[in-house]
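Student: Sequence:
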Amino acid sequence: MPSSVRTDTAVEIVDVWKIFGNDAQAVLAKARSEVSKQEILEQYDAVVGVADVSLDIKRGEIFCVMGLSGSGKSTLVRHINRLLEPTAGKVIVDGIDVMSLSPKALQQFRNSKIAMVFQNFALLPHWSVLDNIAMPLEIRSVNKNERMRTAERILGMVELDGWGNKFAHELSGGMQQRVGLARALAADVDVLLMDEPFSALDPLIRRQLQDEFIKLSAVMEKTTIFITHDLDEAVRVGDRIAIMRDGRLVQTGTAEDIVMHPADDYVAEFVAGISRLKVVKAHAVMRPIDEFERENGPLPRDVQRIAEDENLSTLISLAIDQHGPIVITENDRDLGVVTRRDILRTVIEGTEVS
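Numbering-wise, the numbering used here puts 101 at position 101 of the sequence shown, and it's gapless, one number per residue.
Treat each hint with caution, since some may be false.
What the hints assert, rightly or not - 30 angstroms max Cα-Cα, derived DSS-like pairs, lysine-lysine:
# : residue 1 : residue 2
1 : K30       : K104
2 : K222      : K90
3 : K166      : K215
4 : K58       : K104
5 : K144      : K58
6 : K166      : K222
As the list claims (entries may be wrong) - Here are the in silico distance ranges between beta carbons for each label pair:
#  : residue 1 : residue 2 : range
7  : G70       : S33       : 20 to 26 angstroms
8  : S36       : N120      : 30 to 36 angstroms
9  : S36       : S172      : 43 to 49 angstroms
10 : N331      : V14       : 35 to 41 angstroms
11 : D321      : E34       : 53 to 59 angstroms
12 : E269      : D239      : 21 to 27 angstroms
The hints are simulated quantities; they were obtained by calculation from the structure and are not laboratory data. Glycine is no exception: its CB is placed at the ideal position from the N, C-alpha and C atoms.
All chains, please: the whole structure from these sequences, using the hints.
Tutor: Right under this line is the structure:
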């Protein structure tokens with residue numbers, strides 16, 4: 001495998017296109033000339049799965065790719081471990097050009113660099129839980145004692161102590177998904193691909209697994225590309241979110257960026273039902289202190305202060321208990337000021353103060 005160059009970018013997707021159908025290169029030329037996806041389907045019997053997508057995914061972040069069914073999110077992610085070959089474009093993981101790898105190098109890359117957690121668990125029913133978790137290590141020819149020790153340790157991390165000798169089919173859906181996650185963690189790879197891993201689970205179990213995954217991610221510091229069709233899940237889990245539609249990337253940013261500044265009507269409709277209370281931070285609501293003082297006079301000496309990364313819910317709680325302004329700070333430095341009116345405008349209109 002070619003040597004990798006370590007940077008702050010873990011995964012780089014560059015101008016990736018995927019055309020399904022005959023004569024993909026000819027169809028690609030039409031797609032690049034802005035012939036619509038529907039016209040290509042009707043005229044050429046081809047499907048544009050991914051259209052000119054570029055992304056930089058930072059090392060250690062949870063990056064959510066979301067969209068409705070048919071948006072291209074799962075198709076895009078399957079290029080990262082080369083389960084799909086792009087019609088055009090590049091995928092670079094840790095400095096490695098994935099598309100340039102020979103079959104042998106690609107196998108090594110998949111075994112050592114990247115792991116995937118599937119929606120349908122993909123467990124071997126006739127194997128024990130421990131054997132399922134240890135499978136990536138067995139593929140690498142790790143001796144049995146070492147791989148069982150690793151599997152036992154990871155089993156505890158996903159809160160399945162005592163279940164190691166059970167067969168996969170004896171576990172509930174939520175427990176099976178824990179085993180799938182544990183198997184990916186046991187591989188100790190740099191990049192995790194998670195394709196709607198919790199979508200088949202009941203809401204309560206799904207939320208519990210989201211919580212556990214967030215905690216594990218903070219400890220393991222893996223780069224994770226997380227596929228979901230659920231914006232609530234993306235907001236809860238992701239450091240950043242990419243929204244796709246018809247194979248194209250519509251908007252990328254933090255949950256706060258997307259909720260406060262939707263790129264178009266499609267995104268605005270998508271985020272309309274999201275509560276801003278836990279998403280919007282204090283810095284997005286504040287306005288300059290000098291502007292406030294021009295209108296209202298000097299700030300009171302006993303003014304309440306709050307960190308810039310506190311959420312809107314905390315601001316509302318403070319505003320209930322006091323009538324005066326709230327100063328937003330960063331490292332003990334005053335950044336801006338928020339009033340009750342500013343908070344109400346953000347809650348009601350969904351826009352920050354101009």
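Student: Now tell me, hint by hint, if it's right for this structure.
Tutor: How the hints compare with the structure:
Our distance criterion of 30 angstroms between C-alpha atoms is broken by K30 and K104, whose separation comes to about 35 angstroms. With a C-alpha separation of about 22 angstroms, the suggested pair K222 and K90 falls inside the 30 angstroms cut-off, and the hint holds. The hinted pair formed by K166 and K215 meets the criterion: a straight-line CA distance of about 25 angstroms does not exceed 30 angstroms. Note on K58 and K104: the hinted pairing holds, with a Cα-Cα distance of about 27 angstroms set against a maximum of 30 angstroms.
Annotation: proposed proximity of K144 to K58 is violated, straight-line Cα distance about 34 angstroms (limit 30 angstroms). Between the alpha carbons of K166 and K222 the distance comes to roughly 28 angstroms, so the proposed pair stays at or under 30 angstroms and holds. Judged by the Cβ atoms, the range 20 to 26 angstroms given for G70 and S33 holds: they are separated by roughly 22 angstroms. Between S36 and N120 the Cβ separation comes to about 33 angstroms, which falls inside the hinted range of 30 to 36 angstroms.
Checked against the given bound of 43 to 49 angstroms, the beta carbons of S36 and S172, roughly 45 angstroms apart, stay inside it. N331 and V14 have their C-beta atoms about 36 angstroms apart, which keeps the hinted 35 to 41 angstroms range intact. Roughly 55 angstroms separates the CB atoms of D321 and E34, a value that falls within the hinted 53 to 59 angstroms. At about 24 angstroms, the CB distance of E269 to D239 agrees with the hint of 21 to 27 angstroms.
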